[in-house]
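Colleague: Once you've looked at the hints, go ahead and assemble the two chains, each given alone in its own frame, into the complex.
Next come the chains, spelled out residue by residue.
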Amino acid sequence: MKRLALILAIIAAPVLADSKLPPAPLANTQLRDPAREAQAQALMVTLRCLVCQGQSIADSDAEMAGDMRSLVRTRIQAGESPASIRKWLVTRYGDYVTYDPPMSALTAPLWIAPLALLAFGLWLARASFRKRRRG
Amino acid sequence: MIAEAGLAALWLAAALALMQLAIAAIGVRRVMAEPDFQTELSGHLLAAVRPVAIVQGVLALLAMVLLITVFVRTDMSVLLVAENSHSEKPLLYKFAGAWGNHEGSMLLWVTILGVAGAAVAIFERSLARATLIATLGAQAMIALGFYAFLLFSSNPFTRLDPAPVDGQGLNPLLQDPGLAFHPPTLYIGYVGISVAFSFAVGALVTRDVGPAFARAMRPWVLGAWIFLTLGITAGSYWAYYELGWGGWWFWDPVENASLMPWLAATALLHSVTVLATRDGLRAWTIMLAVVAFSMSMIGTFLVRSGILTSVHAFAVDPERGSFILALLAIYIGGALLLFAARVGTVRAGNTFDLVSREGALVANNLLLSVILGIVLIGTLYPIIAAGFGTQLSVGPPFFNKAAGPVALLLVAIMAAGPLLRWRRDEAKALVARMAIPIAATVVALAGFLIFAPGIDLLPLLGLALAAGLAAASVAPLWGRNLRRTPLFTYGMVISHLGIAVSLAGMASDSAFTQATLVAARVGEPQRVGPYSVTLDGIAPVIGPNWSALEAHLSARRGSGAAIQLRPQARFFSNPVTSTSESAIATMLDGQLYTVIGQPDGAGRWQLRLWWKPFVTLIWAGGALIALGGVLSLLGRWLRERRARGREAEA
Numbered sequence: 001m002k003r004l005a006l007i008l009a010i011i012a013a014p015v016l017a018d019s020k021l022p023p024a025p026l027a028n029t030q031l032r033d034p035a036r037e038a039q040a041q042a043l044m045v046t047l048r049c050l051v052c053q054g055q056s057i058a059d060s061d062a063e064m065a066g067d068m069r070s071l072v073r074t075r076i077q078a079g080e081s082p083a084s085i086r087k088w089l090v091t092r093y094g095d096y097v098t099y100d101p102p103m104s105a106l107t108a109p110l111w112i113a114p115l116a117l118l119a120f121g122l123w124l125a126r127a128s129f130r131k132r133r134r135g
Numbered sequence: 001m002i003a004e005a006g007l008a009a010l011w012l013a014a015a016l017a018l019m020q021l022a023i024a025a026i027g028v029r030r031v032m033a034e035p036d037f038q039t040e041l042s043g044h045l046l047a048a049v050r051p052v053a054i055v056q057g058v059l060a061l062l063a064m065v066l067l068i069t070v071f072v073r074t075d076m077s078v079l080l081v082a083e084n085s086h087s088e089k090p091l092l093y094k095f096a097g098a099w100g101n102h103e104g105s106m107l108l109w110v111t112i113l114g115v116a117g118a119a120v121a122i123f124e125r126s127l128a129r130a131t132l133i134a135t136l137g138a139q140a141m142i143a144l145g146f147y148a149f150l151l152f153s154s155n156p157f158t159r160l161d162p163a164p165v166d167g168q169g170l171n172p173l174l175q176d177p178g179l180a181f182h183p184p185t186l187y188i189g190y191v192g193i194s195v196a197f198s199f200a201v202g203a204l205v206t207r208d209v210g211p212a213f214a215r216a217m218r219p220w221v222l223g224a225w226i227f228l229t230l231g232i233t234a235g236s237y238w239a240y241y242e243l244g245w246g247g248w249w250f251w252d253p254v255e256n257a258s259l260m261p262w263l264a265a266t267a268l269l270h271s272v273t274v275l276a277t278r279d280g281l282r283a284w285t286i287m288l289a290v291v292a293f294s295m296s297m298i299g300t301f302l303v304r305s306g307i308l309t310s311v312h313a314f315a316v317d318p319e320r321g322s323f324i325l326a327l328l329a330i331y332i333g334g335a336l337l338l339f340a341a342r343v344g345t346v347r348a349g350n351t352f353d354l355v356s357r358e359g360a361l362v363a364n365n366l367l368l369s370v371i372l373g374i375v376l377i378g379t380l381y382p383i384i385a386a387g388f389g390t391q392l393s394v395g396p397p398f399f400n401k402a403a404g405p406v407a408l409l410l411v412a413i414m415a416a417g418p419l420l421r422w423r424r425d426e427a428k429a430l431v432a433r434m435a436i437p438i439a440a441t442v443v444a445l446a447g448f449l450i451f452a453p454g455i456d457l458l459p460l461l462g463l464a465l466a467a468g469l470a471a472a473s474v475a476p477l478w479g480r481n482l483r484r485t486p487l488f489t490y491g492m493v494i495s496h497l498g499i500a501v502s503l504a505g506m507a508s509d510s511a512f513t514q515a516t517l518v519a520a521r522v523g524e525p526q527r528v529g530p531y532s533v534t535l536d537g538i539a540p541v542i543g544p545n546w547s548a549l550e551a552h553l554s555a556r557r558g559s560g561a562a563i564q565l566r567p568q569a570r571f572f573s574n575p576v577t578s579t580s581e582s583a584i585a586t587m588l589d590g591q592l593y594t595v596i597g598q599p600d601g602a603g604r605w606q607l608r609l610w611w612k613p614f615v616t617l618i619w620a621g622g623a624l625i626a627l628g629g630v631l632s633l634l635g636r637w638l639r640e641r642r643a644r645g646r647e648a649e650a
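In order, the protein sequence lines correspond to chains A and B.
The opening residue of the first sequence carries number 1 in UniProt numbering; numbering runs sequentially from there.
The opening residue of the second sequence carries number 1 in UniProt numbering; numbering runs sequentially from there.
All clues given are correct.
Chain A regions said to be covered by chain B (calculated; three or more residues, Cβ under 8 Å):
#	stretch
1	27-39
2	43-57
3	82-96
4	99-107
5	116-124
Think of the hints as simulated: they come from the structure by calculation, not from any bench.
Only a predicted model underlies this, so the values are computations on that prediction, with no experimental measurement involved.
Yeah, the Cβ is synthetic: ideal placement off N, Cα and C, and Gly gets one too.
The following block holds chain B by itself, in its conformation from the complex (with noise of 0.2 Å):
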C-alpha cells in the first residue's frame, strides 16, 4: 500500500504542478493586458497560486517520505528495493539508499523542486505580484518536466512480483555517510539554481528586470551557491578517502556536472550584485541566470542516464536516454527562445569604465565563463569524436593546460576587485592600493623558487598566487571600523580568504606530495616525507556487512610519539565487492594517507603512503568559502529587515 500511495501522491503533485502552471498562464496574460487592475487582480490570482505551489510541495515530500519508508522497511516487492538494497545493510544506508540510484535521485530533486517552491510562495515578499505569480508558473513548468520523467520512464514505486527473498544491495562504494549528505546538498544547489531561473523567466515575462528583481533574486542564488560549494567540497573529500589513492579531483565527467553549474552560479552572483546595487548587466544576468540553470539541468540529467560515463549506458535504454535529451532541449531551448525574443525589452543598463568595480565583475563573470566553456567543450568532446567515429579520451592534462591558466587570471582580478571603486577608478591608485598583496606574491614565488626549487610552473603560481590573494581578500577590512563593517563585506572577505586557502593546498598538494609504494614485512619500517611507518601487523574485522582485512600501522615522525593508523581492506557479500579503506592522520602541515592492498604470497603486505603537505587546506578552504556565503546571506537579509522596520515606522 505504501508504495501505491507514493505513487498516488506523485500523480497528484503532477496535477497540482499543471494546474499551478495554468493559473499563471492565464493569469499573467490577465494581469498584463489591463494595468489598471493589476494589483487587485494580482492579489486574487496569488491567492489562488500559493496554496496550490505548497500543497504540491508537501505531496512531492510525501511520496519522497513514503520512498524512503519502503527502503527503511526492506520491502523487497518493490523493483527499486530488490534491485538497489539488501535487508543486511545498516540503517543510514537503507535511509540513504533511498536516493542512491537513478529514479530515487530524481524523485529526490523533484521533492527539493517542490518544497522549494512552496518555499518561494510563502516566504518571497519583495518581487512584484506579477512576476511572482509567473515565476511559480515557471517552477510549476520545470516541475512538470521531472513529474512526466518519474512516472512515464522512471516510477520508483513499480512493484515486483513475485517478490524476491533479498535484494542486490546497494554498491560499497555508496555505503558511506557521504551519501546521506552528498546529493542532497547538491540536488539543494541545483533546484536553488532552477529556482533563480524561474525568477529570471517571469522577470523576462513581465518585463520587470531592474535592481528590485536583483535583490529578490540574490539570496536564491547565494544559497544555491552556498550548497553546491558544500556539495562540491563534500563530494571531493568523500572520493579523496574512499578511491583510495590520494587524489581528490579527477576532472571525471560526474565531477565536471557538479563544478560548471558552480561557475555559472558564481558568475550569475557576481553579476546580480552589479544589477542590485549598480543597475548594470541587465540582459547578461538574464543570460547567466539562463546558463546557470542549463548546467544544473545538464549536470543532473546527463549524470543520470550515465551517457557521459559510458556512451553505452545510454543505448541501454533508449526510451530513457531519448526522454531525457527531449527534456533537455525544450529546457534549454525554451529558456534560450524566451531570453531571444525578450532581451530585446530589456532596457540597457548603467555603463561603466574598464578600471571599475564593475569592470573587475565583468572580467570576473567572463573568465569564469571561459572555464565554463572549457570545461564543457572537454566534458563533451569524447560524445562529439565518437560521432565522428574515433574515442578518445579528455582529462586532467587538457583540463589543467587550459583551465589552470585563465583560474590564474582570475586569481589575479579577484585580488585587485574589492580594492576598486564603483564606476571608475585610477590604475595607479589601484597599484598602490595593491602594494602588500603584490609584495607577498613576489616574495612567495622568490621564497618557493629559492627553498624548493623545480615545482612545476602552475604549482608555482599557484602558491605565489595564493599568498597574493590572501593578502588581498582582507584588505578591504584595512583602516575600517571592524565593528560597523556590515556583515556581508565579511562574507566576501572570507569567501575571497576561503579561495585561496583553497589553492594554497591544490598547489601544495601537486607541488610537495610525496608517495611510498612498497610491498612490506611486519616490522619492517617505511619512510614517507618526515615519517616512518611501521606494519606491526594484519588483524581480522567483522562489520554490519562486511568483513575486513585491518593493518595495523605505526608512524613516527622524529623522536614524537607514534600515530596509529588503521587502514582496511573490505569484502562485501551483497554485491560482491571489496573496497580499500584509507585510514588517514590529520596533522597541522598535513595529512599522512595510507592504504593497505595485497598480500604477496611470500609475508610482505602492498602498502600505499602519502604525505600530502597542506593537503586539508583545500577543503577548509571550501568551506570557508560557504562559510563567507552564509554571512553574506546573514547580512543582506538583516539589513533588508532593518530597513523594512524603518519603512514600517514612517
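Just chain A, same shape as in the assembly (with noise of 0.2 Å):
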C-alpha cells in the first residue's frame, strides 16, 4: 500500500501544480481575524483568474489565481483598503481583471442600461393598461 502510494504521489507530482514551488503562503489559508478575512473574501469574489476561463480567484485551484489570494490576504493583512488593492490590480493587468468594471465613458452604457430599459419597458407597458374610470 505504502509503495502504491508512493508510486501515485510520483505520478501525480508534475499534475498537482504548475511549478515545483509549493504554494504561496496566503493562498489557501486565512487570516486571523474574521473581520479582515471576510475583506479580503469579499474582494477576492470581485478578481478575476487570469488564466482560467471565467472563475473568480476566489474559486480556482490555478497557482497564479492562489499567489493572487495571497497577495490580497497579505496586503489586507497590513491594512490597505480593498479598494487601493483593487485600484493597484487594475494598473498592473489593466481592467480585465476586475468582475466590478469601474465606471468609465466605456462602462457608463453598461451601468445606465439597467434603469433604460426600467423605464423603456414602463413605457411600453403603459399602452396595455385602460384608463381607470371614475366612479
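Modeller: Put into C-alpha cells, the structure is as follows:
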C-alpha cells in the first residue's frame, strides 16, 4: 500500500501544481482576524483569475489564483483598503482583472442600461392599461 | 460503414426538411388564397407534410444513434471519436461523450428538433390546420440551418486516416453522470422553445393570433420551461460539487446563456396565459416567443462557438464562426422582420386595469424582460468593449447589483399576483388579502435584524421576501375546497413556493456560509460552523480511468455520531488533468462541503471546509418549480381531455 502511494505521488507530482514551487503562503490559509478575512474574501470573489475560463480567484485551483489570493490577504493584513488593492491590480493587469467594471466613458452604458431598460419597459407597458374610470 | 450511414441519414433528413419547407410554403399560400376550399385543401396538404416531418425526425434520430454507436465502439477512424474519446473511458461516458463536444452536441440539438417536429406532426390536434402547416414549415426552416451547419462545417462523421491507436480522451470535468443528463435536458428545453416560436411564426403567417392559438402553444412553452428549469438546476448542482469551491452560480457566460432563455420562457409562459384566458397581450406574446427563441439560439450557438468564454476561440475557426453569425442573423433577423411586417395585422387584445391579475402579469413580464436585458448586456459587454480596444470583465458584482434589486421587486409582485382578480381589482382589498404574507415578511426582517445582525442588504431582503412569498404562494388555496381545486392551480402554487424556497437557499448561503481553509495534520480537529472535522488519514484509490488520493475525514457536531467524508484529489491520464472531487454531507439544516487540496511537504494537507446552512434549498426549490410545471401541464391536459369528451358526447 505504501509503495502504491509513493508511485501515485510520483505520477501525480507534475499534475498537482503548475510549477514545482509550494503554494504562496496565504493562498489557502485564512487570516486570523475574521473581519479582515471577510474583507479579503469579499474582494477575492470580484477579482478574475487571469489564466482561468471565467472564474474568480476565490474559486480557482490555478497556481496564479493562489498567488493572487496570497497577495490580497497579505495586503489586507497590512491594513490596505480593498479599493486600493483593486486599483493596484487594475493598474498592473488592466480592467480585465476586476469583475466589477469601474465607471468610465466606456462602461457608462453598461451601468445605465438597467435603469434605461426599466424606463423603456414602463413606457411600453403603459399601452396595455386602460385609464381607470372614476365612480 | 456506420459513420457513412450516419452521414447519409443526415443528408436525407436535410433533404426532407427542404421538402417539408417547400410543401408548407407553397401550400399555405394556396390555402390562404382560396378561403372557400380551405378545410379540404389543408387536409390534403397536412396529409403530405405529416409523414415528411415524421420521417425527418426518425432519420435525425438514426444519425444520433449511429454517432453514439461509433463512440461506444470507440471507432478511432472517426475524427470526432479520436479527438474526444478514449478506449479506457467508462461506458457511460463513451455514451454521453457523443454529445460532450461541439459536433455531437449540435447533432443532438438537431435530433431533438427533428423528433419534436415529428411529435408536433403526430400529436397536435387543437391548432387550425393552416397554422399547423405553417408551423411545420417554420420548424423545417430552423432545422435546415442546423443541417447546413452540421454538414458544411461541423460534420460529426468525418473520417481520420490513418486511425490513431487511441483517442485524446474527454475532459475529466465532464466525466460525471451530470453529462448524461444536463445537456440533453437543456437542449430539449431550447428545442421546445423553438417549437413555440414555430407556432408563433405559423400564427403570424396565417393571421391566427388569438386564445385558441395560445392554448395550443401553451403546453409546448410549459414543457420547454420545465426542461430548462431542470437543466439549469442540475447544471448548477453539478458545478457546485464538481468545481470544488462551494460556488453554485458564477454568472459565467455559459450559465447566462442558459438563464436567458429561461427568463424569456418564464415571461412567455405568463403572457401566453393572459392570451389564452383573457385574450390580452397578443403582440407582446408573439414578441416574447421571438425573444425566447433568439435567446435559445444565442445560448446554443455562442456557447458552442466559444465566442463568449474566450474571444480567441472565435478566431481559431473563422469559417465556423462566420457561419454561426450568419445563421444567428438570419434566424433572429428573419423572426423580427416577420414580426414587424405582421404585427399590424394582430388585432389589439383586451385592455385592463393597472391593479388586476393582468396588470401583475404585465409587471412580471416587464421585470423578467429587464432582468433578461441586464443579463444579455452584461454578458455581451466584454465583446463590445473589446471592439473599442479595451479588455474588461463583467461578473457577479455587476449582475448582483443590477439584477438583484429587480429580482426582489419581481418576487414582491409575484406574491401579490395570484391574489388579484382578473380585469380589475381594488388596491385596498389586495392589501387586506396580503395581510399574512406582509406580516411574515416584516417578522422575518425584524427577526434577522435582531438575532443575526450584520447580514448584507440583498441577502437580508431575500430572506425576508422569501418568507413573505412562501406565505403568499399558498394563499390561493386558503378557503378553497382542496379536492376541487384544479391541478394547474396547485402547479402555480408549488412553482411559486419553489421560488421562495430557492430564494431562501440562495440568501441563506450568501448570508451564513462559514469557510475554513487550513493546512491540517492527521489527527488535528478543525472547526467549521457547528462541526469539528478531523483528518484521519490519506489513502490511494484506483478508479476505472483515474487514480486518486482520498482523504478520510470524520465530522462531529457536539457529541453526535461521527460522519465520514471522503473527498478525493483525482488524477486522470487521458488527457493529463487533475480534478478535486468534493465530499458533501447533507443534513436537514445544510451541507458540510469538504475538499482535499495539496500536501505542503511537511506532513500537512490542505483542507477546504465549508458549512453551508440550508444551501440545499436552492436546488430543492428548483425541483419544486419544475414539479409545479409538470402538475400544471397535467392539469391542462386533463381539462382539455374532459372538454373534448364532453364535446364528443354532445
